[in-house]
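My request is simple: use the sequences and hints to build the entire structure.
Residue numbers (the working numbering), protein chains in the order written: chain A, 80 to 186; chain B, 89 to 253.
A few of these clues could be false.
Unchecked claim - DEER-style ranges, computed between Cβ atoms:
#1 A:E147 to B:P194: 34 to 42 Å
#2 A:S111 to B:T145: 58 to 66 Å
#3 B:E97 to A:R154: 20 to 28 Å
Stated by the list, open to error - Sample of chain A residues with no beta-carbon within 12 Å of chain B, all distances over it, derived:
#4 S111
#5 T113
#6 E114
#7 A116
#8 D117
#9 K128
#10 E134
#11 E147
No lab work stands behind these hints: they were computed from the structure.
Everything numeric in this text was worked out from a predicted model, so none of it was measured.
Think of the CB as a built atom: it goes at the ideal place given N, C-alpha and C, for glycine as much as any other residue.
Spelled out, the chains give:
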Amino acid sequence: MRAASAAPVFAALGDDTRLAIVARLSARGPQSITELADAAPVTRQAVRKHLRALEEAGLAAGRRVGREHIWELRRTGLADAQRYLDEISAQWDAAIERLRRMVEEEA
Amino acid sequence: MATDTDRIEKHTLLRAPIERVWRAVSEAEQFGRWFGMHLDGPFVAGERVTGHIVPTTVDPGVAEKQKAFEGAPVELWVERIEPMRLFSFRWHPYAADPNVDVASEPTTLVEFRLEEAKGATHLTIVESGFDAIPLERREAAFRANEGGWTLQLTLIEKYVTDASR
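Written out as structure tokens, the structure is:
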């Protein structure tokens, strides 16, 4: 499993197929590549490639169970990505209220 | 369809004339007053301006929180100045960590768009380019915030559902 610290989480999520894989892992829990490929409109090979990208971004992790690879979400990676935007978004909300106070009360 | 992970978009209606709002966002001294930074020079299209964080004079509560970052350097690269319409610059979001050299890291683009609305002003702020920001920079930002947070995977599911239509 690769470290998540330097991984481009947002870039990893910026693909509809990868997002679909993330959503399915979220809704159904751990899945094999076979199950994921059956649900996606792409080849098994493509699913494997997308899972590698998610793994490098710290968003998913795979393990071998018998002859199958089972994949699941690593929620901390997702949490970090969303939390960062939430934080900056909240900062902007606060800044806008300061701007409002300045332009509306001095007008 | 573009993802929502790359950008933050804010809309607000300010009960002030567009000329007033334009000055507040496009004049460095005024911008600094509400945002909470002192800039060393004016905003000039195509030019870099340096400055540092100072507590805002507009909100005492926020000023208290900003004290922790007082003096931290900031750099803005001004892109476009189109009077009464558009002001934009690039910067490093959360460059306030003195232990990190962010000079070589990707910037985000911040755009202020103004529209007159019957004597009031509709302001749109868009910050974009987050996809390129390294994750460790984001972690530094988290440490600055003690606030609670809960994971909302349902939002991602919703995005996927909407995007597939």
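Consistency of the hints with the structure:
1. A:E147 to B:P194: 34 to 42 Å: 38 Å, holds
2. A:S111 to B:T145: 58 to 66 Å: 59 Å, holds
3. B:E97 to A:R154: 20 to 28 Å: 26 Å, holds
4. S111: 20 Å, holds
5. T113: Label holds. Min Cβ-Cβ 21 Å, cutoff 12 Å.
6. E114: Holds, since 17 Å exceeds 12 Å.
7. A116: 17 Å, holds
8. D117: The assertion about A:D117 holds, with a minimum of 17 Å to chain B.
9. K128: Its Cβ never comes within 12 Å of chain B, the nearest being 19 Å, so this holds.
10. E134: A:E134 is indeed farther than 12 Å from all Cβ atoms of chain B, at 14 Å.
11. E147: 24 Å, holds
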